[in-house]
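Protein chains: 4
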Amino acid sequence: MAFLEVNGKKAYYEVHGDHESTLVILNGIMMSCSSWQPFVSLLCQHFKVVLLDFYDQGKSEYLVENYTQELQIELVKETIMALDLQQVTLMGISYGGEVAMKFAVKYQNLIEKLILANTTAYTNQQLRAIGDAWVYAAKTHDGKQFFKNTIPPIYSMDFYEKNIDWLNAREEMFARLFDARWYDGFIRLVISAEAHDARGDVNQIKVPTLLIGADEDIITPLSCQIELNEAIENSRFVVIKNCGHASMYEKPIEFFSAVIGFAAIGEQSFKI
Amino acid sequence: MAFLEVNGKKAYYEVHGDHESTLVILNGIMMSCSSWQPFVSLLCQHFKVVLLDFYDQGKSEYLVENYTQELQIELVKETIMALDLQQVTLMGISYGGEVAMKFAVKYQNLIEKLILANTTAYTNQQLRAIGDAWVYAAKTHDGKQFFKNTIPPIYSMDFYEKNIDWLNAREEMFARLFDARWYDGFIRLVISAEAHDARGDVNQIKVPTLLIGADEDIITPLSCQIELNEAIENSRFVVIKNCGHASMYEKPIEFFSAVIGFAAIGEQSFKI
Amino acid sequence: MAFLEVNGKKAYYEVHGDHESTLVILNGIMMSCSSWQPFVSLLCQHFKVVLLDFYDQGKSEYLVENYTQELQIELVKETIMALDLQQVTLMGISYGGEVAMKFAVKYQNLIEKLILANTTAYTNQQLRAIGDAWVYAAKTHDGKQFFKNTIPPIYSMDFYEKNIDWLNAREEMFARLFDARWYDGFIRLVISAEAHDARGDVNQIKVPTLLIGADEDIITPLSCQIELNEAIENSRFVVIKNCGHASMYEKPIEFFSAVIGFAAIGEQSFKI
Amino acid sequence: MAFLEVNGKKAYYEVHGDHESTLVILNGIMMSCSSWQPFVSLLCQHFKVVLLDFYDQGKSEYLVENYTQELQIELVKETIMALDLQQVTLMGISYGGEVAMKFAVKYQNLIEKLILANTTAYTNQQLRAIGDAWVYAAKTHDGKQFFKNTIPPIYSMDFYEKNIDWLNAREEMFARLFDARWYDGFIRLVISAEAHDARGDVNQIKVPTLLIGADEDIITPLSCQIELNEAIENSRFVVIKNCGHASMYEKPIEFFSAVIGFAAIGEQSFKI
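Protein chains in written order, with my numbering: chain A, 2 to 273; chain B, 2 to 273; chain C, 2 to 273; chain D, 2 to 273.
Derived from the structure by calculation, the hints contain no laboratory data. Check before you lean on any hint, since a few could be wrong.
Put simply, identical chains are the same to the list, so a pair is met inside one copy or across any two.
Below, a list of computed lysine-lysine pairs in the DSS-like style, where the Cα atoms sit at most 25 Å apart [claimed, not checked]: (1) K78 with K11; (2) K272 with K60; (3) K78 with K140; (4) K145 with K163; (5) K163 with K207; (6) K107 with K140; (7) K78 with K10; (8) K272 with K145; (9) K10 with K145; (10) K60 with K10; (11) K163 with K78; (12) K163 with K272; (13) K272 with K11; (14) K78 with K145; (15) K272 with K107; (16) K107 with K207; (17) K11 with K60; (18) K207 with K11.
From a predicted model like this one, the values you see are computed outputs, not experimental measurements.
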């Protein structure tokens, strides 16, 4: 629970546990360090867990000017350097996965393994249109407008069917929690992802890489991870069934089984 | 190009061609008779084509009170009776499919074949949440808000990638075309579908039935048509690849091949 | 019901009906003209139907030396020329699809439309291993060995579950019907497909093309038709659900709906 | 490396490592303890590993009379009792999964977690026909006939494409290794699975359960594990992409990541 200052901008991070191997987690766009609290005690049995709020997210500094994801990549690097982290598994989901894959291209020597969940090498035109819609809704500063726009495509049909009360309660909570500063930060985050296109670069990733996809992910469908799987040599790929974009919330046991198991194995060759 | 009056409410319909067998087409929620114009000359080679605007749609009457889809079912029945249609293949897409399947349960003797495209037996919680979002956006009467909310999930990723200019042009057009009356009609249409649940009834459908699904349909995913396929005895089922919810726009040749072919064959048994 | 002689080798063909437009059908490897008899009367409502036994198949001549599929391509060409066929839709399934796609590359001007069902651009190593297994079983001249090897992967799980008696009866029939001449012809047919690799050529196909796949096809899985779909510009692609390799037997209504519908439409552009 | 005697029949087992938690592994039908040797040193970092040859398999006793899988279930029970195993995760693949699920129904109190890979609740008619074909081929005692029949459907298309030399070498090895005793044991194993039908019982399984499927599994397709997932309350389900039936050989890192991760987590509830 501390702050790091990079070029005069403060960023919030948390370090949990003192395990030898480290898991650095990069958030999706609507998440923050607090999104991972339900899983911290489990993860601490296997990792030193480092959580980090991107700029314009959670308790990190809210900026004024627009920027690209490059700024967040540098923040991740400064965090790893400042904490002198070793044996790092870097895991990113969605927006965090976009940052993680470009981090891996640029600073491969700082990490040992890479886990990319529900993410894409490229902000395609449909994803950009979805982002535009989210920005347009965020600009209204109307929590209901924002929730109704952003949440239905995040979860699977089955999750909606079974958790409608929890989802309705969250709609109330969104309307209460989010303020102008939050919406403006969210808008800058969306804009920073608009130009994301690592399709020509991800083939440089040589660290052991696990891809996690979900068969009902609408935001970053399986085809996005299939493309990553073809581009990243020796990348591993598992799919969670009956699951939408927020896979660690919908299917935490499947999600963290893959994370903990892959971090334990990494890359090995077996003589069969 | 004429009007029918049922219980004092005027409904618009079009009859094209004079083929012996008839195709009655029921629109999706944001469509109208004019949506089918590009395909009328093709279809007239195979059918007398009957187009119909539901209440609160296109040139039909805009209502004031809310209603259920039962009202639209009766409109379809009155149209078929008034025009004394014979050898009717009834085809509905999305909202039109919901009306068509319940029409088939109720007035099976009036039709010979049934085609249900990109539709569902049940407005599940996720689909209801999407509907709520559309209603909320429509209430702003802001064409951009409305377009950005409703359109991205309607098409496939690939279609977005290749047709972004056409889609952007449509966004401009929506903002120009839609007025308060249209938005209020749209809202009532969404509300009329909220209680849709024909899961317990569709097993009564005995006319030859074709289901058309699209593998990237987000609004009514393949699982919806799989459920219909299991419920409707002897229903036939084809899937269009790389295609979203507006399948007749994205893949007209695949879509109308299935329609024309199935209408030609219907149900036959072959001694293999 | 007649014979054609090409370079001294006799080939059997059938012409049914006198429709203006023609459908030439090329058999799968274990089929013959008689396999299509259940569907001839339906197809004659829409086409002049031309059936053809490849060399080493049905009533055509059984050869002695091995050959490549080039020989069969030339046979198709001679048939179309000899019968002076016009407005030809060429349809091939499995082995017949391999011949059809290479025919389309070589003699594109002789056909108007192309339909490729349950087929592949390339005899991959697994398909070659399956072929080797079939050859090995055929060499025993033991009908039971042959049937048990070849038939289970041809149909879907659901078809097996529902038609086990019909399948068991067919096993008896195979053992009775097939003789040494038949098995030796079958072996040569398999060998003629071993070197099939049109991956570099199918992009030359410019006639309107429909691809039909089946989601439980084990012999030529959907990935084979996805590859064809990407290679053949503007090719159309439909998938039949709950269906194995012998799609016209398992799901004749879906199969022939696609064939009849596509032949009626071909390639058109619609102004949407 | 020791033997256990149950009712006068000797069974071979191996215990590796002395970890607190135990992984008992049940083989697929053509496997034996030696199939797992490449993975033992990895698994020993996380488990005491117990391998076991079923009767008619590997170094266990070869029987004379036919039997049902009940015999193997009792063997598993006797092994767990004799070794006084605690904190047992029971994992079975294919045939081993069939035994494991019925073991879990009968002796649930003896295990803590269950992992079922590439398996089915029911020997459906197609799987039975495949089994019949394998028996028929095995009866020839011809290693080539046997290999060509059994191996192609075991692996994915991609694995075949990339490992054809290894596969060809294995064909030679099979022909050398297998003798009459082995073939006769294999035949009895297939027959013991013919009547397998746990569809009405698996809903009694209450221990935390992980299902592993492979998207190109032909022998026990994903639909089999979907059925298990629906029947076993709270079962978890991951799918390995581009992978056939022998998933632990084709994709060991994905496979054992899931196994190690799930064994570490089991069932937990997270307050999201």
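Evaluation of the provided hints:
Taking CA atoms no more than 25 Å apart as the test, K78 paired with K11 passes inside one copy only; the shortest distance there is 14 Å, against 59 Å between copies. Taking the shortest Cα distances, K272 and K60 sit within 25 Å of each other only across copies (22 Å), while inside one copy they are farther apart (48 Å). In this assembly of identical chains, the alpha carbons of K78 and K140 never lie at most 25 Å apart, being 31 Å within a copy and 45 Å across copies at closest. With identical chains, the CA atoms of K145 and K163 are at most 25 Å apart within one copy only, with a shortest distance of 21 Å there and 32 Å across copies.
In this assembly of identical chains, the alpha carbons of K163 and K207 lie at most 25 Å apart only when taken from different copies (20 Å versus 40 Å within one copy). Proximity of K107 and K140 under a CA criterion of 25 Å is satisfied in neither setting, with 34 Å inside one chain copy and 47 Å between copies. Taking the closest pair of Cα atoms, K78 and K10 come within 25 Å of each other only inside a single copy of the chain (14 Å); across copies the shortest separation is 62 Å, beyond that limit. In this homomeric assembly, K272 and K145 come within 25 Å of each other (Cα to Cα) only across copies, at 24 Å, whereas the closest approach inside a single copy is 56 Å.
Neither within a single protomer nor between protomers do K10 and K145 lie at most 25 Å apart by alpha-carbon distance, with minima of 31 Å and 35 Å respectively. When the C-alpha separation of K60 and K10 is checked against a cutoff of 25 Å, the pair qualifies only within one copy, where the shortest distance is 12 Å, while the shortest distance between copies is 58 Å. Taking CA atoms no more than 25 Å apart as the test, K163 paired with K78 passes in neither setting, with 40 Å inside one copy and 36 Å between copies. Taking the shortest alpha-carbon separations for K163 and K272, only the inter-copy value of 16 Å comes in at or below 25 Å, while the best intra-copy value is 45 Å.
Taking the shortest alpha-carbon separations for K272 and K11, neither the intra-copy value of 49 Å nor the inter-copy value of 30 Å comes in at or below 25 Å. With identical chains, the CA atoms of K78 and K145 are never at most 25 Å apart, being 36 Å at best within one copy and 39 Å at best between copies. Taking the closest pair of Cα atoms, K272 and K107 never come within 25 Å of each other, the shortest separation being 32 Å inside a single copy and 36 Å across copies. For the homomeric pair K107 and K207, the shortest alpha-carbon distance inside one copy (11 Å) is at most 25 Å, but the shortest distance between copies (44 Å) is not.
With identical chains, the CA atoms of K11 and K60 are at most 25 Å apart within one copy only, with a shortest distance of 9 Å there and 58 Å across copies. When the C-alpha separation of K207 and K11 is checked against a cutoff of 25 Å, the pair qualifies neither within a copy, at 32 Å, nor between copies, at 48 Å.
Checked against the numbered hints given earlier, this structure breaks hints 3, 6, 9, 11, 13, 14, 15 and 18; the rest are met.
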